[in-house]
Amino acid sequence: MSSETVRGRLTDGELSPQRVAGLVAAVLLAGLVLWGFAFPETQAGRFVAILTDRSTLAATLRLSVPIAFAALGGIFAEKSGVINIGLEGLLIVSAFGGVYMADVTGSVWMGLAAGIVASTLLALLFAVVCIEFRADQIIAGLAIWLIALGLAPFASQVVYGGPNTASVDTVDAIVIPGLSSIPFFGALFSATPFVYLMFGAVAASWWTLNRTSFGRWVNASGENPKALDTAGVNVTRVRYAAVLLSGVLCGFGGAALSLSIGQFVGSGSTMVNGKGFIAIVTYLFGNYNPVGALLSTMLFAGLDALQLTLQARDVFAVPQPLVRTIPYVTVIIVLALFGRTRIPKAAGEHYESGDE
Amino acid sequence: MDRFDRRTFIKGTGIAGLVGLAGCTGGPTGGGDNESGGGEETTTAGGDTTSESGGNETGNESADGGSSGGSGSDVNVGVVYATGGLGDGSFNDQAQQGIQQAESEYGISYNEAQPDEVSQFKNFQQQFASSTDPNYDLVSCIGFLQADALSEVAPQYPDQSFQIVDSVVEADNVASYVFKEHEGSFLAGQMAGMLTTSSFSAGAGSTNEEKVVGFVGGVEGELIGKFEAGYKAGVKNVSEDIQVQSTYVGSFNEPSGGKEAALSMYNAGADIVYHAAGNTGTGVFQAAQEQGAYAIGVDRDQSVTKSSYQNVILASMVKRVDTAVFNAAEAVVQGNFEGGSVTTLGLEQNGVALVYGQGLKSDIPSDVKSEVESVRESIISGDISVPSDPSNV
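Protein chains in written order, with my numbering: chain A, 26 to 381; chain B, 40 to 432.
Read the hints as simulated data drawn from the structure, not as lab findings. None of the values given here were measured: they were computed from a predicted structure. For each residue, glycine too, the CB sits at the ideal point set by N, CA and C. It cannot be assumed that every hint is accurate.
As the list claims (entries may be wrong) - Interface residues of chain A toward chain B, partial, derived using beta-carbon atoms under 7 Å:
id: 1; residue: N189
id: 2; residue: G211
id: 3; residue: N298
id: 4; residue: P346
Unchecked claim - Derived, one-sided and incomplete: chain B residues facing chain A with beta-carbon distance under 7 Å:
id: 5; residue: T122
id: 6; residue: G124
id: 7; residue: S206
id: 8; residue: E259
id: 9; residue: G289
id: 10; residue: M304
id: 11; residue: N318
Construct the complete structure from the given sequences, taking the supplied hints into account.
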């Protein structure tokens, strides 16, 4: 009780514990970077060299693609009031669907389309179960994940005789001449089409959510569905559209993941390996803002790219398994310090239009 | 408060879901699985010579024994694969090749189980061991991750013969087969070290000025450590100046991680990366192709199983899992199966070997090949001792 009030006073004031801790962390990081620039031969110097290496940015972008798409999908669904924790499952089916169609037709773009269709169909199932039959959204979302986790390796088993598919062609990077030779940021202009699609999707999602009437309906459907209903907009249809849109976006992400490797790996937790769940964290951390979600995705993916390089170059005298946990530990710390997520009021609740 | 409720709920249901998942994946798939196992040959084992005839047979019952021209033995083997599953182009596919060889030579029958999770091993092992129709004369457990489960299961079925590949289980009814991966990896390191210090260009890649090579591992542990140790020692045998970068991705099923790990090495000047990472290694090959550099495969001749990467795969450190599986099946057929024995397959027994890639073998300079051969003989004769722990390199 008393600690509550102390806490309240502290958070009201200028120097909340969160801010102090954040400030300390920022100062420490800045110090490390400055130290690295000043003394390039030290550990800190090598660390900064890796941090500012253009290949680190390139790796970050590639690793971000599936997570960012899934996060965008999650934003639409949850903003409309349907919590979609089945993102992982949508990624899995689209990863398989993409490679299968690319294998059959020989075209990466047909593969991408098939991945989107597969994911959208599964999202439709989720939407029908949640909206039409009023199932608990969390349980239905888990079911979507479990269905995909069984379905995709099974389909691969039927077609390819094992949980892993055959190899298909991948797409080459699109290099923009001139811009791609800029140090560090040049990686932005020499990337696969999927990376450009990701940026396009983030911009389009932001615009849709903030500048179109559909975006306002989605917001209202998650915040105050009754008001939306009163205004004469069909809440059910808005929610269907939002969930299907999350299927489309996840389809891009999953297909991009498998098509950039050219194979679907379905054993264990499949090649998606938790990226859908990371996506949930990133959009919560980004507070349902597509741009925020992209930035937090890139933070996580960047740390992941960084740890792979740190291991290889043996920069810090730390055992490799510990280096590998850097992204997770950092994300937890950042989340604890800066995370201020405001969940849509009606998220997770079924809405039924009142009788006439 | 609302937010907290939801998070705990997600956590709780997540755990419940995982438990449910572990429970509902079912038992070994019998004949149906065998059929698809036959189909698998067409997709992954393209140019494979030894097992094609076995692979074409899709059934598993008596018709097989007759048509395969073997001695028509009624021995029945249950195979529990490692979690990578069939189609990994390496470990499991090779185990399957061994059992198919036994099928065509001795007319044995077999059933397969492909677990996705470590937690399912015990279940599959027990189902094979307790089955009476058909009764399994041997249960082959592929992969070191099965050791814990098998050390519990084996004593429960004292009359059942088990085989474990890649680990040792101390029980009277288990025959253990282990490999000296470090010996084969030493040869891979020797070759990589010699090529990175010379100017070599063939296929889709070429070596550079920098004296850097790389190693990508799946999951840290004693087993993958043997690959890393042997490889590093082999590179150092060429020259102490060559830097070996090593990264563990933390999963055998994460090709996107393997690709980034390898790209980071290639960008740092590495021109040859050796992987011991199962499916994760596919990403390494892809990175090599993108960067115009080379990779070394593992477990099986991956220039055959992953033929689209033939132009960057210099060689593969082949682990004859098929020999281990075949030998155990053969021992059961001939009635001389020895429970409790540990068979170690090294360079000397041809249990491990460095096999040059199909696409590049004619381009690799003959002085490299002859040096690798003489190192191989020195290891067999004991003149070179290969460390099995990376911290001893």
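Evaluation of the provided hints:
For N189/A, the interface hint holds, the least distance from its beta-carbon to any beta-carbon of chain B being 4 Å, beneath 7 Å. Violation of the interface hint for G211/A is found here, the shortest Cβ-Cβ separation to chain B being roughly 13 Å, above the 7 Å cut-off. Using the Cβ-Cβ criterion of 7 Å, the hint placing N298/A at the interface with chain B is satisfied: the shortest such distance is roughly 6 Å. Given hint, P346/A at the interface with chain B, holds; its Cβ is 6 Å from that chain's nearest Cβ, closer than 7 Å.
The beta carbon of T122/B is positioned within 7 Å of a beta carbon in chain A (closest approach about 5 Å), and the interface hint is therefore held. Here the hint on G124/B is kept, as its CB sits about 4 Å from the closest CB of chain A, short of 7 Å. For the restraint placing S206/B at the interface with chain A, the shortest Cβ-Cβ distance is roughly 19 Å, beyond the 7 Å limit, so the hint is violated. Nearest Cβ of chain A to the Cβ of E259/B: about 6 Å, under the 7 Å cut. The hint holds.
Hint status for G289/B: holds, given a least beta-carbon distance of 5 Å to chain A, under 7 Å. Proximity of M304/B to chain A holds as hinted, the smallest CB-CB distance being about 5 Å (cut-off 7 Å). The interface hint given for N318/B is met, as the beta carbon of that residue sits about 4 Å from the closest beta carbon of chain A, less than 7 Å.
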